Amino acid sequence: MSATHARPVGKRVLLMGTCLCDAFFDDVARATVEVLEHLGVEVLYPEDQTCCGQPAFNTGDWDASRQVARHCARVFVGDLPVIVPSGSCAAMHLHGNRLQFEQEPDDDIASLAARTWEVVDFIHNGLGVTRWPGRFDTPTRIAFHRSCHCRDTGTGAAARALLSSIAHAEVVPFGQAEQCCGFGGTFAVTFPHISAQMGSLKIDHIRDIQPDLLAGVDMSCLMHLDGLAAAQGRRVPHKHVVQILRDTLIS
Amino acid sequence: MSSVQPIDLYARRISDEKQLSVMDGTSTGTDKRYRILHADYPDPDALRRLAGAIKDHTLQHLDTYLDAADRALTANGAQVHYAADAADARSVILAILRGHGVTRLTKSKSMAAEEIHLNRFLMDNGIECTESDLGEFIVQLDDDEPSHIVKPIIHKNRREIATTFQREGVADDYNDDPETITRRARVHLRGKYLAAGACITGANFVCADSGRLVLVTNEGNTRFGMAPVPVHIALVGIEKLVPRECDLAVFLNLLGRSATGQQLTVYTEFIAGPRAAGRPDGPEHMHVVFLDNGRSDILASDCREILRCIRCGACQNVCPVYRQASGHAYRSTYGGPVGAVLTPLLAGADFATYADLPKASSLCGACREVCPVDIPIPDLLLRLRHQAHREAVPSPGAVPMSPFAKLATSPSLWRTAMTMSKAMNHLPVQVAPIAPLRNWLGSRTLPESRGGEFRKWIKRHSNHS
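Chains as they are written, first to last, in our numbering: chain A, 1 to 251; chain B, 252 to 716.
Hints are computed from structural coordinates only; laboratory data are not their basis.
This one's a predicted model, so the numbers in the text were calculated from it and none came from an experiment.
Careful: at least some of the hints might be erroneous.
As the list claims (entries may be wrong) - Facing chain A, a subset of chain B residues (Cβ under 8 Å, in silico): (1) Val-255; (2) Arg-526; (3) Val-569; (4) Thr-604; (5) Ser-613; (6) Ala-639; (7) Ser-653.
Each residue gets a CB set at the ideal place from its N, CA and C atoms; glycine is no exception.
All chains, full assembly: derive it from the sequences and hints.
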């Protein structure tokens with residue numbers, strides 16, 4: 001699943017804000033822009049962007065998902081890196097599209113895959129930022145949820161490295177980290193019982209280490225986990241990794 | 252139609268006791284596998300990829316290797332049979348047994364035999380067939396179904412087993428001490444071994460170069476089963492071939508570690524052929540029945556990688572859906588991720604009946620990460636979902652995706668919808684008659700809609716910079 005080719009790195013990038021940030025989590029998209037600009041990167045936001053097509057892809061309706069993916073590829077046409085604050089949407093470009101376009105190769109789709117970066121992966125492995133010049137005011141224990149779409153990408157290690165380098169931050173491992181949180185897109189609503197059980201187990205393991213903050217690279221996982229935790233009256237403060245990077249910056 | 256998938260409904264109904272047994276057994280299995288593979292190998296993933304490549308090569312040249320195995324087996328003195336489907340395999344086996352006048356036999360654990368429902372068929376034909384694997388023996392006593400590939404009774408606890416033993420007369424009293432249970436089964440099975448006229452086994456591997464059959468167990472039951480009988484029948488899926496004996500070095504090292512966290516299973520049998528000059532032990536007659544039963548069709552499909560499977564059960568252990576729902580939720584011989592792929596494929600024309608199984612996954616990829624033969628299980632689940640959609644198989648709770656595609660390919664409509672989604676913040680969404688929303692809100696809150704806010708911000712931001 002990891003991109004074996006060298007993806008472009010530059011100080012001018014296209015931002016794919018993701019549909020979830022468009023609808024619910026505007027501050028995550030905003031933090032992405034602010035962090036990248038802090039690093040001297042110019043961020044362009046193509047207005048006609050919508051979604052990567054993954055919801056339809058996962059249900060098996062590949063006619064629908066290919067239409068959306070083609071639209072997406074046309075919106076992000078060119079040679080600039082495409083930066084996504086979501087491991088899941090990035091995986092759709094990098095891997096899902098490869099699968100659904102196997103029988104009908106498409107140059108724009110291939111080009112999109114060759115230029116897509118999950119944002120934390122881009123910062124660490126693309127721009128080469130190894131330490132983050134940030135600081136928490138008080139010692140902060142962070143539980144980092146490496147979402148499933150980042151199992152074998154550079155994102156997990158990148159996020160751990162950057163978060164750990166923040167002054168007063170400690171990334172604390174928790175149990176059964178290889179287990180899924182139970183979101184899984186439409187899975188969350190067609191398997192509501194199993195999804196909620198999986199999420200509750202994840203929350204148990206996270207709460208076991210008594211973190212001050214839950215960090216993630218996919219708002220979908222965090223939305224599901226926080227929604228469950230809120231309904232159960234046991235929320236854990238959570239942020240996307242880019243929000244943490246922005247909020248701890250020493251200016 | 253329900254808005255919820257069958258496997259989710261099944262998971263809701265299983266007892267806490269059963270769920271706990273499955274959860275315990277699977278998480279222990281996952282931890283043991285991880286620890287031993289990483290302790291013993293600097294890069295276990297490289298080993299998984301090598302095993303996958305060997306299996307892939309074998310499958311690409313399966314006709315050649317099957318011919319080679321046939322020749323080698325025959326030269327060793329075994330008789331080779333071919334069964335196109337389950338019914339064919341059952342009648343081939345029955346004919347062999349009748350030919351040798353066998354009325355009682357023991358059988359070691361074989362997923363292929365489960366797949367063709369061999370036990371019931373033999374019993375119906377007047378042949379007493381005793382399972383000699385402890386787990387399978389308990390399944391048989393309970394008239395239950397195995398729920399895991401290597402741990403058939405992962406869904407039971409020792410109290411249930413002690414009750415079964417007492418009820419079925421294997422023991423005179425109730426005793427749930429594991430060692431006592433095992434000792435009692437051993438005493439009971441000894442009599443069955445001695446009275447049997449044949450032994451049926453599967454095979455974990457068949458070496459195409461030498462015709463050697465490899466069987467792994469932890470109980471030594473295949474060794475016991477074969478020792479006193481004149482007839483050995485091995486039922487083998489055609490995908491069980493490996494090209495050379497030396498390939499076993501890769502597979503045996505991976506199988507034990509992946510399945511049970513053991514470096515090697517306690518017993519590994521290498522069977523070169525029936526009793527002959529220079530081979531003083533074992534049955535005089537050896538029959539190998541190669542089973543197709545849909546495998547050739549799978550080989551021709553875009554899901555052929557599933558035929559690499561060596562039946563270790565690691566994907567079942569790590570799968571969060573399997574852990575919640577148990578193997579029985581999959582309504583077939585093979586449960587969990589491998590079953591979600593294999594079952595609808597083996598069903599052939601009956602694909603639609605099992606088209607819900609590939610949906611039972613969050614596509615988390617944990618199965619792919621642990622698979623000893625590197626099967627891209629999530630990709631195969633997705634291809635099968637695509638097939639189900641192409642064949643218009645109805646799917647409970649499915650959200651129609653063409654309106655989504657319309658919206659997501661019309662930027663101005665999309666932007667309007669995003670802005671309008673903020674209306675949700677002022678609506679009583681809890682009572683909305685929309686199944687997906689209801690299913691979401693059943694256990695979770697929904698975040699506040701902020702539709703279009705980022706677009707507003709970035710516009711202002713760009714104007715200022």
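Unsatisfied constraints (hint numbers, rising): 2 and 4
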